[in-house]
Amino acid sequence: MTATTRLDTTIATPEWDYGLCAQTDPAIFFPEGRGAQITNAVKQAKQVCGRCRIRSGCLQWALDTQQPAGVWGGMDEHERRQALGVEQSQIERCWEQREWIEQQLASGMSKRRVADEMGVSRTTMARCITQFKTERSVAAGIGVSTV
128 MTATTRLDTT IATPEWDYGL CAQTDPAIFF PEGRGAQITN AVKQAKQVCG RCRIRSGCLQ
188 WALDTQQPAG VWGGMDEHER RQALGVEQSQ IERCWEQREW IEQQLASGMS KRRVADEMGV
248 SRTTMARCIT QFKTERSVAA GIGVSTV
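The letter at position 35 of the sequence shown is residue 162 when you use the working numbering, and the numbering goes up by one with no holes.
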(Lines of atoms letter the chains of each structure in order from A and count residues from 1; the text may use other names and numbers.)
(Lines give C-alpha, C1' and ligand atoms only; values in the text may rest on other atoms or scores of the structure.)
Protein backbone atom coordinates (compact mmCIF):
# COMPACT_ATOMS: atom_id res chain seq x y z
CA MET A 1 0.00 0.00 0.00
CA THR A 2 1.36 3.45 -0.85
CA ALA A 3 0.91 6.66 1.09
CA THR A 4 -1.07 9.44 -0.52
CA THR A 5 0.00 13.04 -0.06
CA ARG A 6 -2.80 15.59 -0.25
CA LEU A 7 -2.19 19.17 -1.17
CA ASP A 8 -3.17 21.76 1.41
CA THR A 9 -6.68 22.84 0.52
CA THR A 10 -6.95 25.62 3.08
CA ILE A 11 -8.60 28.58 1.48
CA ALA A 12 -6.06 31.36 1.77
CA THR A 13 -7.99 34.39 0.60
CA PRO A 14 -9.50 36.85 3.04
CA GLU A 15 -12.22 37.74 0.54
CA TRP A 16 -13.54 34.20 0.12
CA ASP A 17 -16.81 35.02 1.90
CA TYR A 18 -17.42 37.79 -0.64
CA GLY A 19 -17.48 35.46 -3.64
CA LEU A 20 -20.79 35.32 -5.49
CA CYS A 21 -20.78 31.56 -4.96
CA ALA A 22 -21.35 32.20 -1.25
CA GLN A 23 -24.72 33.67 -2.21
CA THR A 24 -25.62 30.93 -4.69
CA ASP A 25 -26.89 27.36 -4.41
CA PRO A 26 -23.71 25.24 -4.22
CA ALA A 27 -25.37 22.47 -6.23
CA ILE A 28 -24.74 24.37 -9.47
CA PHE A 29 -20.98 24.32 -8.78
CA PHE A 30 -21.00 20.58 -8.05
CA PRO A 31 -23.80 19.28 -10.28
CA GLU A 32 -25.10 15.74 -10.20
CA GLY A 33 -27.10 13.94 -12.84
CA ARG A 34 -26.49 13.43 -16.53
CA GLY A 35 -26.31 15.22 -19.83
CA ALA A 36 -28.23 18.48 -20.13
CA GLN A 37 -28.82 18.68 -16.38
CA ILE A 38 -25.08 18.90 -15.70
CA THR A 39 -24.42 21.05 -18.75
CA ASN A 40 -26.99 23.62 -17.63
CA ALA A 41 -25.71 23.72 -14.05
CA VAL A 42 -22.10 24.18 -15.21
CA LYS A 43 -23.20 26.96 -17.56
CA GLN A 44 -25.01 28.70 -14.67
CA ALA A 45 -21.98 28.32 -12.40
CA LYS A 46 -19.67 29.81 -15.03
CA GLN A 47 -22.03 32.76 -15.42
CA VAL A 48 -21.88 33.38 -11.67
CA CYS A 49 -18.08 33.12 -11.75
CA GLY A 50 -17.92 35.53 -14.67
CA ARG A 51 -19.48 38.26 -12.52
CA CYS A 52 -17.45 37.50 -9.39
CA ARG A 53 -14.75 39.90 -8.20
CA ILE A 54 -12.61 37.12 -6.72
CA ARG A 55 -12.81 34.82 -9.74
CA SER A 56 -9.10 34.90 -10.56
CA GLY A 57 -8.06 34.14 -6.97
CA CYS A 58 -10.58 31.31 -6.81
CA LEU A 59 -9.31 29.81 -10.06
CA GLN A 60 -5.69 30.11 -8.98
CA TRP A 61 -6.49 28.34 -5.70
CA ALA A 62 -8.29 25.54 -7.56
CA LEU A 63 -5.32 25.10 -9.90
CA ASP A 64 -2.77 25.24 -7.09
CA THR A 65 -4.65 22.66 -5.01
CA GLN A 66 -5.68 20.61 -8.06
CA GLN A 67 -9.36 20.53 -7.14
CA PRO A 68 -10.74 17.34 -8.72
CA ALA A 69 -14.38 18.39 -9.07
CA GLY A 70 -16.70 21.31 -9.47
CA VAL A 71 -16.60 24.72 -11.10
CA TRP A 72 -14.00 27.04 -9.58
CA GLY A 73 -13.14 30.46 -10.95
CA GLY A 74 -15.16 29.82 -14.09
CA MET A 75 -13.50 26.54 -15.09
CA ASP A 76 -14.79 23.00 -14.72
CA GLU A 77 -12.52 20.10 -13.79
CA HIS A 78 -11.82 19.17 -17.43
CA GLU A 79 -10.76 22.73 -18.29
CA ARG A 80 -8.54 22.92 -15.20
CA ARG A 81 -6.81 19.64 -16.09
CA GLN A 82 -6.15 21.01 -19.57
CA ALA A 83 -4.81 24.28 -18.16
CA LEU A 84 -2.48 22.41 -15.82
CA GLY A 85 -1.23 20.26 -18.68
CA VAL A 86 -0.47 23.32 -20.80
CA GLU A 87 1.32 24.98 -17.91
CA GLN A 88 3.34 21.84 -17.24
CA SER A 89 4.61 21.84 -20.82
CA GLN A 90 5.46 25.54 -20.46
CA ILE A 91 7.39 24.81 -17.26
CA GLU A 92 9.32 22.06 -19.03
CA ARG A 93 10.17 24.52 -21.83
CA CYS A 94 11.46 27.03 -19.26
CA TRP A 95 13.65 24.41 -17.60
CA GLU A 96 15.09 23.47 -21.00
CA GLN A 97 15.91 27.14 -21.63
CA ARG A 98 16.93 27.98 -18.06
CA GLU A 99 20.42 29.24 -18.95
CA TRP A 100 19.05 31.60 -21.62
CA ILE A 101 16.31 32.85 -19.27
CA GLU A 102 18.78 33.59 -16.48
CA GLN A 103 21.13 35.36 -18.94
CA GLN A 104 18.30 37.58 -20.18
CA LEU A 105 17.20 38.46 -16.64
CA ALA A 106 20.81 39.18 -15.61
CA SER A 107 21.17 41.53 -18.59
CA GLY A 108 18.14 43.51 -17.42
CA MET A 109 15.35 42.09 -19.57
CA SER A 110 12.04 42.16 -17.70
CA LYS A 111 10.35 38.94 -16.59
CA ARG A 112 7.38 39.95 -18.71
CA ARG A 113 9.46 40.29 -21.86
CA VAL A 114 11.29 37.01 -21.19
CA ALA A 115 7.91 35.26 -20.80
CA ASP A 116 6.65 36.82 -24.03
CA GLU A 117 9.84 35.84 -25.90
CA MET A 118 9.52 32.26 -24.61
CA GLY A 119 5.82 32.09 -25.46
CA VAL A 120 4.84 31.16 -21.90
CA SER A 121 2.46 32.80 -19.46
CA ARG A 122 3.82 35.37 -17.04
CA THR A 123 2.55 33.24 -14.15
CA THR A 124 4.50 30.25 -15.42
CA MET A 125 7.63 32.36 -15.86
CA ALA A 126 7.32 33.68 -12.29
CA ARG A 127 6.95 30.12 -10.97
CA CYS A 128 9.98 28.93 -12.91
CA ILE A 129 12.13 31.82 -11.71
CA THR A 130 11.13 31.01 -8.13
CA GLN A 131 12.02 27.35 -8.74
CA PHE A 132 15.39 28.38 -10.21
CA LYS A 133 16.15 30.51 -7.13
CA THR A 134 15.05 27.75 -4.78
CA GLU A 135 17.26 25.20 -6.51
CA ARG A 136 20.28 27.52 -6.37
CA SER A 137 19.68 28.21 -2.67
CA VAL A 138 19.26 24.54 -1.82
CA ALA A 139 22.44 23.72 -3.71
CA ALA A 140 24.23 26.48 -1.78
CA GLY A 141 22.75 25.26 1.51
CA ILE A 142 20.81 28.43 2.32
CA GLY A 143 17.12 29.36 2.60
CA VAL A 144 15.27 31.22 -0.12
CA SER A 145 12.74 34.02 0.00
CA THR A 146 9.98 33.88 -2.58
CA VAL A 147 8.94 37.48 -1.90
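It is possible that some hints are incorrect.
Taking CB as the label site, the calculated pair distances span [claimed, not checked]:
no.: 1; residue 1: 212; residue 2: 243; range: 46 to 54 Å
no.: 2; residue 1: 165; residue 2: 192; range: 16 to 24 Å
no.: 3; residue 1: 243; residue 2: 208; range: 24 to 32 Å
Hints in this document: simulated from the structure, not taken from any laboratory.
A virtual CB, placed ideally from N, CA and C, is assigned to each residue, including glycine.
**Item:** Violations among the numbered hints, reported as their numbers in ascending order
**Value:** Result: hint 1 breaks, nothing else.
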